[in-house]
Amino acid sequence: MDDPFALLFLTAAATLRVATPLILCAMGGLFSERSGIIDVGLEGKMLMAAFFAAAVAAATNSAWWGVAAGIAAAEVMALLHGLACITYRGNQVVSGVAINIIAAGLTIVWGNAWFQRGGQTPALEGDARLMSLFFPRAGDNILVYVALLAVPLTWWIIARTRFGLRLRAVGEMPLAVDTAGISVSWLRYRAVLLCGLLTGLAGAYIAVAQNAGFSRDMTAGQGFIALAAVIFGKWRPFPALGACLIFGLLDAVAIRLQGVRMPGIGEVPVQLIQALPYLLTVFLLAGFIGRAVAPKAIGVPYEKEH
Amino acid sequence: MKAARRPLPVWADIILLPLVNVALAFVTVGIIVRVIGVNPFHALNLLIAGAVGSPESIGYTLYYATNFIFTGLAVAVAFHGGLFNIGGEGQAYLGGLGCGLAILALDRYLPAWAMIPIAIAAAALFGAAWAAVPAWLQAWRGSHIVITTIMFNFVAAALMVYLMVNVLIAPGSMTPQSRNFEPSSSLPAMTGSALNLSLALALGCCVAVWIFLWHTPWGYALRTMGHNPEAAVYAGTNLRHMTMLAMCLSGALAGFVGVNELMGVHHRIVLDFPAGYGFAGIAVALMGRNHPLGIVVAALLFGALQQGGAELAFEIPTITREMVVVIQGLVILFSGALVQLPRPWLQGLFAFRRPS
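Quick mapping for you: the protein sequence lines, in order, are chains A and B. Counting from 1, position 68 in the first sequence corresponds to residue 68 in the working numbering; the numbering is continuous, with no gaps. Counting from 1, position 345 in the second sequence corresponds to residue 345 in the working numbering; the numbering is continuous, with no gaps.
These are calculated hints, taken from the structure and not from any lab test. A virtual CB, placed ideally from N, CA and C, is assigned to each residue, including glycine. There may be inaccurate statements among the hints.
[Stated by the list, open to error] Label pairs and their in silico Cβ distance ranges:
1. L133(A) with V233(B): 36 to 44 Å
2. H42(B) with K234(A): 51 to 59 Å
3. G142(B) with T11(A): 31 to 39 Å
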C-alpha cells in the first residue's frame with residue numbers, strides 16, 4: 001500500500017467504480033433531456049432496476065438475468081414517464097417526482113413481501129454477481145467497460161447520426177421536426193426508452209456488481225448526482241463524463257479525507273465533500289462558473305395542431 | 001364521434017375529475033396489495049380501524065395531518081406563483097434547526113409565553129431563508145428553481161448531519177441529537193398521542209393563506225404571475241420580488257414541520273425528522289387542487305393513511321408502512337402527471353348522457 005503507484009491505481013479504480021452508475025445514468029438522462037423531456041426520475045428508475053436485478057439474480061442465481069430484469073424494470077418506469085409526459089402531456093417534473101416516490105416505496109413493500117428481510121434481498125454470491133474481468137482488486141466488471149463505451153457511443157449517436165440530429169431538433173424546436181413530417185412523440189419515446197435502458201444498467205450495476213444484493217434506498221441520491229452531472233456537463237456527453245469522474249473522485253476520497261487535516265484549511269468535514277456535487281451544480285446553474293443552457297423546448301409538452 | 005370533445009361541466013372539472021384521479025391511484029394500490037397476497041378490503045378495514053378506531057389513533061392521524069397541511073400549503077403557495085418548490089424537505093429540516101437553535105439558546109431564560117412564539121418565528125425564518133436562496137438564484141441569476149431546490153434538499157441533509165454530529169450533539173450522547181429542551185418550549189399536547197397545538201397553527205396558516213392568495217393585492221399579483229407572467233409585468237408587478245415573496249412564504253410554511261416535530265413531539269433536535277413530508281406535500285397540494293380547504297381534506301386523508309398504515313403494518317407482517325409512500329407516489333402520478341388521463345372518458349360519458 002505504500003507504493004504511490006499502487007495507491008494511485010487503487011484510487012483511480014475506486015473512482016471508476018463509484019462513477020460507473022453515475023456515467024450510465026447521466027448518459028440516459030442526456031438522451032431524455034436532449035429530446036426535451038426533463039428527467040428528475042433517474043433515481044427512481046435506477047432504484048427500481050437495482051431491486052429487480054437483485055431479486056431476479058437471487059432467484060435464478062444468474063447475474064445476467066438480473067441485469068435483464070433490471071433493464072426491464074427501468075423500461076417500465078421509463079414508459080410510464082413517457083406516457084405521462086408525451087402522450088398525456090403532463091408535468092414532467094411531477095411525473096419524475098412520482099416515479100422516485102413510487103420506486104422508494106414499492107421496492108421496500110415488494111422486497112419485504114417476497115423476502116421477509118425488512119426490504120433487503122438475499123445476499124448474492126458466485127454466478128449471481130458480476131465479477132472483475134482483468135484486475136481483481138480494481139472491481140472492473142463488464143458494466144464498468146460498458147459505461148466507458150456508452151460515452152463515445154452517446155456522443156456518436158447524438159452528434160453524428162440522423163436520429164441524433166432529429167433528437168436534438170426535437171429538444172430545441174419540436175414544431176420544425178413535426179413540420180418535416182417526423183413524429184415528435186415517437187422520437188421522444190425512443191429517447192425515454194434509451195434512458196430506461198441506461199438507468200436500468202446503472203441500477204443493475206449497483207445491485208449485482210458494486211454490492212451483493214439490494215438494500216433499501218441503496219441508490220442514495222446517485223440519480224440526482226447524475227442529473228447534476230448532465231447539467232454540469234452542459235448536456236454534452238464528454239463533459240458529463242468529466243463531471244461524473246470528478247463527483248466519483250470526491251466520493252472516493254471523502255472516506256480517506258475523514259479526520260485528515262489539510263494544510264492551510266484544517267479538517268474538511270466529510271459532509272461538505274458529499275454536498276459538493278450539489279453545491280457545484282447550483283453555482284454552475286447560477287452562472288458563477290460558466291453558463292449552462294438547457295435545450296430550448298425542455299419541459300414543454302408538444303401539442304400537435306389539429 | 002367528435003362530440004366527445006365537448007368540455008366538461010364546471011362541477012365535473014372541479015370535483016369529479018380529481019375524485020376519479022384519486023380513485024385510480026387507490027385502485028392501483030389495491031392491485032399491488034393483491035399482488036403481495038393480501039385481501040385489499042381486509043387491509044382497508046384494518047387501515048380505517050387503525051386510523052380512527054380510538055381517540056389516540058385519531059390524535060395521531062391529526063398529528064400527521066398537521067405536517068401534511070404545512071407542506072401541502074408550502075407547495076400550493078409556490079405553485080400559485082408558477083413556481084415548483086421541491087425543496088420542502090430541506091426547508092422543513094432548516095425550519096426545525098431554526099426553532100431548535102432558538103430554544104437551545106433561550107429556553108433557560110424565557111417563560112413559555114415568550115419562548116414558543118420566538119421559536120415558531122425562528123422556524124419560519126430559517127425555512128424562508130433556505131427557500132430564499134433558490135428563489136434569488138432563479139429571479140436574479142436565471143437558474144431553474146426545480147433543480148436548485150432539489151440540490152438544496154441534499155445540501156440541507158449534509159449540513160444537518162454535520163451540525164448534529166459535530167456541533168449540537170449533547171455531551172455524552174452516543175446518538176446525534178441535541179440536549180433536551182426545557183419544558184417551557186413544549187407545546188400543549190394530547191396525552192397518549194403526538195397531537196399538539198401545532199394543528200391550530202396549521203389551520204391558522206390555512207386561513208391566512210386563503211386570505212393572502214384571494215383577498216390581498218399581493219396574492220392577486222402572485223396568482224397573476226402564475227397564470228401569465230407577461231400580463232403580470234404589464235400590470236406593474238415586479239416578478240423578482242414576487243418570486244422571492246412566494247418562495248419565502250413557501251419555505252416558512254414548510255419550516256413549521258419543525259415546530260410540530262421538535263416542539264410537539266421530540267423536544268430536542270434529531271436527525272431525519274422531515275421523513276418525506278416535504279415530498280408528500282406535493283401529493284397533498286395536487287390532490288387538494290392547491291386550495292387550503294382541499295389541502296386540509298387531502299392532509300386528513302394522508303394523515304389517516306400514515307397512522308392507519310402503521311397499524312396495518314403491525315397487523316399484517318407482509319405489508320410494511322412504506323405502502324403509504326407508494327400511495328403518495330401514485331396520487332402524485334394520477335392527480336399530477338396523468339391528470340388528463342380520465343378526461344376523455346368523462347367527456348364520452350357526458351356526451352352519451354346528453355346527446356343533443
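Cross-check of the supplied hints:
The hinted range of 36 to 44 Å is not satisfied by L133(A) and V233(B), whose Cβ atoms lie roughly 59 Å apart. For H42(B) and K234(A), the Cβ-Cβ distance of about 53 Å falls inside the hinted range of 51 to 59 Å, so the restraint holds. In this structure the supplied range 31 to 39 Å holds for G142(B) paired with T11(A), their Cβ-Cβ distance being about 37 Å.
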